[in-house]
Amino acid sequence: MEEKKKRMAIIASKGTLDMAMPPLFLASTAAAMDVETAIFFTFYGVDLVNKKKYASLQVAPIANPAMPSPVPFPNILGVLPGMTAMATMMMKGMMKKINWPTVPELIDMCRESGVKMIACSPTLEMTGVKKEDLVEGVTVAGAAEFLNFALDADITLFI
Amino acid sequence: MDANKTLDCKGLNCPMPIVKTKKALETMNTGEVLRIEATDKGSKSDMAAFSSRTGNELIEVKEEGSTFVYFIRKK
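Chains as they are written, first to last, in my numbering: chain A, 1 to 159; chain B, 160 to 234.
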């Protein structure tokens, strides 16, 4: 008899560049390890599967003292115009340097490896994002659908 | 050791070597051997974990300079 597959359920609730990475990396790796995986994209997390946004996620230096900086940098300066764009450019550069895939590439990897991607229906309703705005392969469902999957999961993460 | 296929993961970081290894194994037949070259320092434990979870046997690990070389037999 075939052993029952391990299962991982992730809730992706953040829409910044840094916070987009953990759920997508874990999901694609889990799928490669034969783990049945689902990501439920809710609130800002929906941006990760929004075609209009997912290639241009940003990271803000303000209120993020852990943000790496080439020079000592008072955190309050993060309010200045252009700082978010600069921090984003810097982080994208750092990611590229270590050959990390981009968010769109990661989403493609997840889809190709069979990760179940679910966008939260009330979030779409609230933000006016349409099903057509979402990348291919994403289904739209509510909390019950996610819980139905997560109740049988070996790992559940909220990111 | 002879391999049926070689996969170059040099310069790639976690989790790409694992994801690419899985993809490469999917194109191979049971019993065939995949040679993987990687420079990611975490790949040593990652490959072992991947192998033990998926049942694709890690038959040899060696280091050639700064490159880790893995041989995995497809389940």
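It is worth saying that the hints were derived from the structure and are not from the lab. Predicted model, so just to flag it, every value in this text is computed and none were measured. Possibly wrong hints are sitting among the right ones.
To be verified - If you want the ones that stay clear, here's a sample from chain B, every Cβ over 12 Å from chain A, calculated:
id : residue
1  : LYS164
2  : ILE177
3  : ASP205
4  : VAL220
5  : LYS221
6  : GLY224
7  : SER225
Stated by the list, open to error - With a straight-line cut-off of 30 Å between C-alpha atoms, the simulated DSS-like cross-links for lysine-lysine are:
id : chain 1 : residue 1 : chain 2 : residue 2
8  : B       : LYS233    : A       : LYS131
9  : B       : LYS179    : B       : LYS234
10 : B       : LYS234    : A       : LYS96
11 : A       : LYS96     : A       : LYS53
12 : B       : LYS233    : A       : LYS92
13 : B       : LYS234    : A       : LYS92
14 : A       : LYS5      : B       : LYS233
15 : B       : LYS181    : A       : LYS92
16 : A       : LYS4      : B       : LYS169
17 : B       : LYS182    : A       : LYS5
18 : B       : LYS179    : A       : LYS51
19 : B       : LYS221    : B       : LYS203
20 : B       : LYS181    : B       : LYS234
21 : A       : LYS130    : B       : LYS234
22 : A       : LYS51     : A       : LYS97
Backbone N, C-alpha and C define an ideal beta-carbon position, used for all residues, glycine too.
To see whether the hints hold, each was checked on the structure:
Chain A leaves LYS164 (chain B) outside its interface by the beta-carbon criterion, the shortest separation being 17 Å against a cut-off of 12 Å. Look at ILE177 (chain B): its CB is around 5 Å from the nearest CB on chain A, not clear of 12 Å, so calling it non-interface is violated. Not every Cβ of chain A is farther than 12 Å from the Cβ of ASP205 (chain B); the closest lies at roughly 8 Å, contradicting the non-interface assignment. With a least beta-carbon separation of about 18 Å from chain A, VAL220 (chain B) lies farther than 12 Å from that chain, consistent with its non-interface assignment.
LYS221 (chain B), annotated as away from the interface, keeps every beta carbon of chain A farther than 12 Å; the closest lies near 23 Å. Listed as outside the interface, GLY224 (chain B) is consistent with that label: its C-beta sits roughly 19 Å from the nearest C-beta of chain A, beyond the 12 Å cut-off. In this structure SER225 (chain B) is separated from chain A by more than 12 Å, as the shortest Cβ-Cβ distance comes to about 15 Å. Of the pairs offered as hints, the one joining LYS233 (chain B) and LYS131 (chain A) is violated, with about 39 Å between alpha carbons and a cut-off of 30 Å exceeded.
Between LYS179 (chain B) and LYS234 (chain B), the direct Cα distance comes to roughly 16 Å. Compliance with the 30 Å bound is thereby established for this hinted pair. With a C-alpha separation of about 34 Å, the suggested pairing of LYS234 (chain B) with LYS96 (chain A) is violated against the 30 Å cut-off. Taken as a hint, the LYS96 (chain A) and LYS53 (chain A) pair is honoured in the structure, with Cα atoms around 19 Å apart against an allowance of 30 Å. A hinted pair counts as satisfied when its Cα atoms are at most 30 Å apart, and LYS233 (chain B) with LYS92 (chain A) does not qualify at roughly 36 Å.
A threshold of 30 Å between alpha carbons decides the hint, and for LYS234 (chain B) with LYS92 (chain A) the separation of about 38 Å lies outside it, so the pair is violated. Between LYS5 (chain A) and LYS233 (chain B), the direct Cα distance comes to roughly 18 Å. Compliance with the 30 Å bound is thereby established for this hinted pair. About 26 Å separates the Cα atoms of LYS181 (chain B) and LYS92 (chain A), which keeps this hinted pair within 30 Å; it holds. A hinted pair counts as satisfied when its Cα atoms are at most 30 Å apart, and LYS4 (chain A) with LYS169 (chain B) does not qualify at roughly 34 Å.
About 18 Å separates the Cα atoms of LYS182 (chain B) and LYS5 (chain A), which keeps this hinted pair within 30 Å; it holds. This hinted pair checks out: LYS179 (chain B) and LYS51 (chain A) have alpha carbons roughly 25 Å apart, not beyond 30 Å. Restraint check: the Cα-Cα separation between LYS221 (chain B) and LYS203 (chain B) comes to about 10 Å, which is no more than 30 Å; the hinted pair holds. Of the supplied pair hints, the one linking LYS181 (chain B) and LYS234 (chain B) holds, its CA atoms being roughly 11 Å apart against a limit of 30 Å.
Proposed proximity of LYS130 (chain A) and LYS234 (chain B) is contradicted: the alpha carbons are some 42 Å apart, above 30 Å. Proposed proximity of LYS51 (chain A) and LYS97 (chain A) is supported: the alpha carbons are some 25 Å apart, at most 30 Å.
Of the numbered hints stated above, those contradicted by the structure are hints 2, 3, 8, 10, 12, 13, 16, 21, listed in ascending order.
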